[in-house]
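Protein chains in written order, with the numbering used here: chain V, 1 to 125; chain X, 1 to 562.
Among these hints, one or two may not hold up.
Which residues of chain V face chain X? A few of them, derived with a C-beta cut under 8 Å, are [as the list claims (entries may be wrong)]:
hint, residue
1, L10
2, V50
3, N52
4, P61
5, A62
6, N68
7, E69
8, R70
9, G73
10, T76
11, V77
12, S78
13, D87
Hint data in this document are derived by calculation from the structure and do not stem from the laboratory. Quick reminder that beta carbons are idealized off the backbone N, C-alpha and C, glycines included.
Residue strings, one per chain:
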Amino acid sequence: MIRVLNFLMLSLTIAICFGLYKITNETRDLQAQLRHTASEIAAEQETIEVLNAEWTLLVRPARLQELNERHLGLQTVSATQMLSIEDIPFRDEVSPTSSSSSSPLVQAPEAAGGRLLTVSARQTP
Amino acid sequence: MSRTSRRDKGEGPPFVRIRLAIAGLFMLAAYAVIGGRLLWLAIDEETPSRERVSQLEVPVLERADIVDRNGRILATNVPVDALYADTRHIWDPKEAAQELARVLPELDVVELEQKLSSGAAFEWIKRDLTPRQYASVRALGIAGLAVKREQRRVYPNGHSAAHLLGYVNLDNRGIAGVEASLDTTLRDPKRGGEPVTLSIDLRVQHVLEDELASAIETFSAEAAAGIVLDIHTGEVLGMASLPDFDPNAPNYDPNNADEDTKARMFNRASLGVYEMGSTFKAMTTAMALDAGVVTINSTYDVRKPIRIGRFTIHDYKPKTHPLTVTEIFEYSSNIGTAHMAMDIGASRQQIYFDLFGMFKPAPIELPEVGAPLLPQKWGDVTTMTVSYGHGIAVSPIQTAAAFAAVANGGLYIAPTLLKRPAGTGVPVRRVVSENVSAEMRTLLRRAVTEGTGGQADVPGYPVGGKTGTAEKAVGGGYDEKSLISSFIGVFPALSPRYLVLIILDEPQGTEETHGYATAGWTAAPTTGKVVSRIGPLLGVRPEPIPLEVTDGATQMAAQSDR
C-alpha cells in the first residue's frame with residue numbers, strides 16, 4: 001500500500017517537474033516573442049510617424065496648388081457655380097410633356113431639403 | 001522478503017501504524033504545498049510580464065503633435081540618430097577627431113579634438129544624423145562613439161504658419177510661437193500623446209499666405225500680414241506674416257542676426273504695432289451710436305479742415321456739403337469722425353477703447369504679442385486723431401478682435417489660437433448694443449458698395465468692411481510715400497461669420513491702380529481674393545445669384561430625358 005503510494009508520489013513529482021519545466025520554458029519563449037513583437041510595434045509606430053509626416057509634406061496645400069496649376073488647372077469654385085436646389089429648372093418646367101412623378105430628379109428637392117449643389121469647374125486649355 | 005514478513009509489519013502494534021500514518025500525512029501535506037506553490041508560480045508568472053509589455057507598446061512621447069482644426073498635422077516628431085561620445089573610451093582623440101571630421105565635414109577638427117579629450121562620460125558630437133552619415137560613422141569603428149535615438153521636431157508644411165507655430169531648440173523645448181506658449185502642455189506626459197488642436201485651418205492659412213505673397217509681388221510691398229477670425233468664437237483660422245521663415249531650420253540667434261533675418265522672424269500680425277488708420281472709424285462710429293450722441297442720419301459740416309493748436313485735420317477728398325454719419329463712414333471723412341469723437345468726449349472714448357481691448361496686449365496664446373503704443377496725454381488733439389486711427393499704435397490681432405466686436409452683435413471675444421471644443425461657452429464682454437452692431441453692419445456694407453472698399457467685394461459673398469491707409473511714422477513726422485494700407489472685412493456682410501484683415505507695409509501703386517497705393521486699391525482687392533477662396537472652403541452659403549436659364553440648361557434637361 002505504502003509502496004504504491006510512494007510510487008504514485010514519485011511519478012507525480014516527476015510529472016510536475018517536467019510540466020513546470022515545459023511551462024517555464026514556453027513562457028520564456030513567449031516572453032522573448034512578446035518583446036520582439038513589442039519592439040516591432042515600436043518600429044512600426046516610428047514608421048507610421050515618419051509616413052504621417054511625409055504624407056503631410058506631400059499633401060500640403062502649397063504643393064497641391066502647384067501640382068494643380070501644372071497638371072489639372074482646376075479653379076476655385078465661385079459663387080456663380082452654386083445654386084440652391086429650388087433654383088434648378090426641372091423637367092416639369094422645361095418640357096411639360098415629359099413629366100413623370102417617379103423620376104428621381106423631380107423628387108430631389110424634398111429629399112435634399114434645398115441643399116446646395118456644388119459644381120466644380122475645369123479650365124479649358 | 002516473504003509475504004509473511006509484510007503481513008507482520010501491517011499487523012504490528014497499533015501505535016506504530018498511527019505513527020506511520022501521521023508521518024505519511026506530513027509528507028503528503030509537504031508535497032501538496034510544494035506542488036501547489038510550483039503550480040502557482042507557473043501560472044502567476046504571466047501577470048507582471050504583461051504589464052511590462054503594455055509599457056513597451058506605448059512609447060513615451062516626448063512632445064505632442066500640433067494639428068489644425070481638421071486634424072491635419074502642423075508639427076510632429078520623427079526619430080533621428082544622435083551621435084555622442086563617451087570620451088573615457090576614446091584611445092586617440094586626435095586621430096578620432098580627424099576621422100570624424102572627414103566623414104562629417106561640417107564639424108570643426110580642433111573643437112572636436114577638445115571635446116573628445118575632455119574626459120567626460122557624455123559629450124554630444126552631432127544631433128540628427130542622416131541615415132547615410134550614421135552608416136559612415138559606424139564604418140569608422142571608433143570605440144567610445146555611440147548613437148542615441150532621438151525625436152526631432154518637424155514642420156511638414158514648411159513656411160506655412162511658421163510664425164504662429166514657432167520652433168524648438170535642439171533639446172525640443174519650444175522657444176517661439178505656440179511651441180513656446182504651450183510648451184508645458186505639449187510636454188505633459190498625462191496627455192498620453194494626444195495632439196494639441198489649434199483653431200487654425202491649414203487651407204485658410206495657405207490661401208492667406210498665397211494671396212499675401214502675390215500682393216507683396218504685385219504692389220512691391222515690404223511686408224504683409226493677414227488674419228482670418230471667426231467673429232462669434234474668437235478662433236483664429238489663419239494668421240500670416242510675410243516674409244517668413246522655415247521653422248524646420250530657423251538658425252536664428254537673436255543677438256547675432258542680420259536685418260533680413262530679423263524681419264523674417266518678426267510676427268507682424270501679433271507682435272507688430274501699427275497706426276491702423278481709418279479702420280478705427282468703425283470703432284469710433286460704433287461708440288458714437290452706442291453712446292447716443294449721433295444717429296446714422298445726424299449731419300456734420302466737413303467743408304473746412306479742423307485747426308487745433310498746430311494740427312490741421314484734412315480730408316483726403318474734401319466734400320463741399322455737410323455729410324450724414326453714414327456718408328462720413330462711406331467716404332471715410334477724418335473731419336467728420338473727429339467731430340463725432342469730440343461729441344463722445346475723451347473720457348467716454350477711453351472707456352470704450354478699453355472695452356474694445358485697445359489698451360492691453362491681445363490675450364492670445366503667443367509669446368510674441370505687441371503692447372499697444374498709447375498717447376501719453378489724452379487731450380482734444382488725441383481724442384480727434386485716435387478716432388481715425390492716428391496717434392495710437394496697436395497690433396493687427398488687437399484690431400481684428402475690436403472690429404469683430406463691432407460686427408458680431410457688439411461682443412468682445414478674446415482671440416484664441418486653440419480650437420474651442422464643441423458646446424463650450426465663449427466668454428464675452430458687451431461693448432456696444434446689438435442694435436448698434438446691426439447698424440454698423442449696414443454701414444460696413446455701404447463702405448464697400450458706395451465707398452472706398454469696393455474692390456473687396458466678391459460676387460455671392462458680400463463683404464462689409466473698412467479701408468485704412470496710414471502714413472508711416474518716420475523720425476518725428478509722417479512719410480507721405482510710405483504707407484501702411486489695410487482692410488478689415490467681414491462676410492457674409494449682413495450676417496457675418498468671418499473677418500479678414502489684410503495689412504500691407506509700403507505697397508507701391510501700379511498701372512492697374514493708376515499709381516494709387518491706398519488701401520482701397522491694394523489691401524481691399526487682396527481681401528476680396530481671400531474671401532472668394534475661403535468662402536467655399538469654409539462652407540459659407542453664397543447669396544443666390546439669379547440663374548439665367550440658358551439653352552444649354554434646357555438641352556441638358558432634354559438630353560437626360562432620353
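Consistency of the hints with the structure:
no., hint, in the structure
1, L10, "violated, 10 Å"
2, V50, "holds, 5 Å"
3, N52, "holds, 6 Å"
4, P61, "holds, 4 Å"
5, A62, "holds, 6 Å"
6, N68, "violated, 12 Å"
7, E69, "violated, 11 Å"
8, R70, "violated, 15 Å"
9, G73, "violated, 16 Å"
10, T76, "holds, 5 Å"
11, V77, "holds, 5 Å"
12, S78, "holds, 7 Å"
13, D87, "holds, 5 Å"
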